[in-house]
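Q: Residue strings, one per chain:
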Amino acid sequence: MVLELSAQEMSTLPGSGARTGESTESGTLTEVRLSSKVVLFDDEEHSYDYVVEMLTHCCEMSREAAFRCAFEVDMTGRTIVFHGDFDECKTVCDKILTYGPDHRLPQSMSSMNAEVQH
Amino acid sequence: MLSDDDLKVILSYLSAVAGKTVRSADDLLAMGTEPFLDLTEKIPDEALPIVVSLFKSTLHGRELFIKLTGDPDEPPGKKAAAFFKRYSNLVLAQEDTTANFNPLLLYLPPESFDDLAFIQSRQSFFLRQTVDTINEFLKTACRCTDIFGPGQQEEAWIWYWNYLLRR
Numbered sequence: 001m002v003l004e005l006s007a008q009e010m011s012t013l014p015g016s017g018a019r020t021g022e023s024t025e026s027g028t029l030t031e032v033r034l035s036s037k038v039v040l041f042d043d044e045e046h047s048y049d050y051v052v053e054m055l056t057h058c059c060e061m062s063r064e065a066a067f068r069c070a071f072e073v074d075m076t077g078r079t080i081v082f083h084g085d086f087d088e089c090k091t092v093c094d095k096i097l098t099y100g101p102d103h104r105l106p107q108s109m110s111s112m113n114a115e116v117q118h
Numbered sequence: 001m002l003s004d005d006d007l008k009v010i011l012s013y014l015s016a017v018a019g020k021t022v023r024s025a026d027d028l029l030a031m032g033t034e035p036f037l038d039l040t041e042k043i044p045d046e047a048l049p050i051v052v053s054l055f056k057s058t059l060h061g062r063e064l065f066i067k068l069t070g071d072p073d074e075p076p077g078k079k080a081a082a083f084f085k086r087y088s089n090l091v092l093a094q095e096d097t098t099a100n101f102n103p104l105l106l107y108l109p110p111e112s113f114d115d116l117a118f119i120q121s122r123q124s125f126f127l128r129q130t131v132d133t134i135n136e137f138l139k140t141a142c143r144c145t146d147i148f149g150p151g152q153q154e155e156a157w158i159w160y161w162n163y164l165l166r167r
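These protein sequence lines are chains A and B, in that order.
The first sequence begins at 1 in this note's numbering and counts up one residue at a time.
The second sequence begins at 1 in this note's numbering and counts up one residue at a time.
Be aware that one or more of the hints could be misleading.
[What the hints assert, rightly or not] Only pairs whose alpha carbons sit at most 30 Å apart, straight line, appear in this in silico DSSO-like list of lysine-lysine:
| # | chain 1 | residue 1 | chain 2 | residue 2 |
| --- | --- | --- | --- | --- |
| 1 | B | 56 | A | 37 |
| 2 | A | 37 | B | 85 |
| 3 | B | 78 | A | 37 |
| 4 | B | 85 | B | 56 |
| 5 | A | 37 | B | 79 |
| 6 | B | 139 | B | 42 |
| 7 | B | 20 | B | 56 |
| 8 | A | 95 | B | 56 |
| 9 | B | 78 | B | 20 |
The set of hints was computed from the structure by calculation and includes no laboratory data.
Build the full structure now, drawing on both the sequences and the hints.
A: This is the structure in structure tokens:
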């Protein structure tokens, strides 16, 4: 799947700092192959502080973008935290899945759940 | 999940703040994005997390989230950005409080020390704390004069368990 985005739209994507694509001949649009995404799922075992810390580390997000993702996953049950090709998404997903439990909460026994989707 | 009584209280509160009757989350959904964000601005800091829990507890979490972030086809507005900045300041631990926050003092209070089954259930939680957190906890709650070094979480746990058994 090829997704054409303007530079402004690209800058609003989580994880956009990790990936840019080739410019078209016109130079006004950047054509980027974003074939996959990493989706994070909500649970009752991780605090907002954990989610922000984890996303800034695993997805290289800004603290503000990480908080918006934390808010979305809390409100809706899921949020997209990264776009990229499959290998990049797999790497990010593995980091999330192995980040570990939240030391702030005694009921937290494991990492959050995430998966790569197309 | 909010109880029905809590829901009624929050909806009454929102009605007073909004200046018109808010009977359910559907009424909030019917508001435009800007009036909705204007409403959140009027809610004091101490009440905002409770109101957000109302949003979450309804079946319209996705639609209300979109209202708070603004139109997905347009860049987030200043009002949405202000809401998120304010809410993040309320929800996230601030730097000046992080240093003082000890999860062991919070989740292993002294009044629980007689319940050994409960304490045992918190063993993994204890062991994944930093040794500085553990030392502070043992000093404060158990008057421990020993200081455990890096990687000595297991030793600290053994000391703590023996302390509980001696009480």
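Q: If a hint holds in the structure, say so; if it doesn't, say that too.
A: Verification of the hints:
1. Note on residue 56 of chain B and residue 37 of chain A: the hinted pairing holds, with a Cα-Cα distance of about 25 Å set against a maximum of 30 Å.
2. Distance check on the hinted pair: residue 37 of chain A and residue 85 of chain B sit about 26 Å apart at the alpha-carbon level, within 30 Å; holds.
3. Of the pairs offered as hints, the one joining residue 78 of chain B and residue 37 of chain A holds, with about 28 Å between alpha carbons and a cut-off of 30 Å not exceeded.
4. Between residue 85 of chain B and residue 56 of chain B, the direct Cα distance comes to roughly 19 Å. Compliance with the 30 Å bound is thereby established for this hinted pair.
5. Using a Cα cut-off of 30 Å, the hinted pair residue 37 of chain A and residue 79 of chain B holds, with the two alpha carbons roughly 29 Å apart.
6. Among the hinted pairs, residue 139 of chain B with residue 42 of chain B is inconsistent with the structure: their alpha-carbon atoms are about 44 Å apart, more than 30 Å.
7. Restraint check: the Cα-Cα separation between residue 20 of chain B and residue 56 of chain B comes to about 22 Å, which is no more than 30 Å; the hinted pair holds.
8. Simply put, residue 95 of chain A and residue 56 of chain B have alpha-carbon atoms about 28 Å apart, close enough for the 30 Å limit, and the pair holds.
9. A hinted pair counts as satisfied when its Cα atoms are at most 30 Å apart, and residue 78 of chain B with residue 20 of chain B qualifies at roughly 25 Å.
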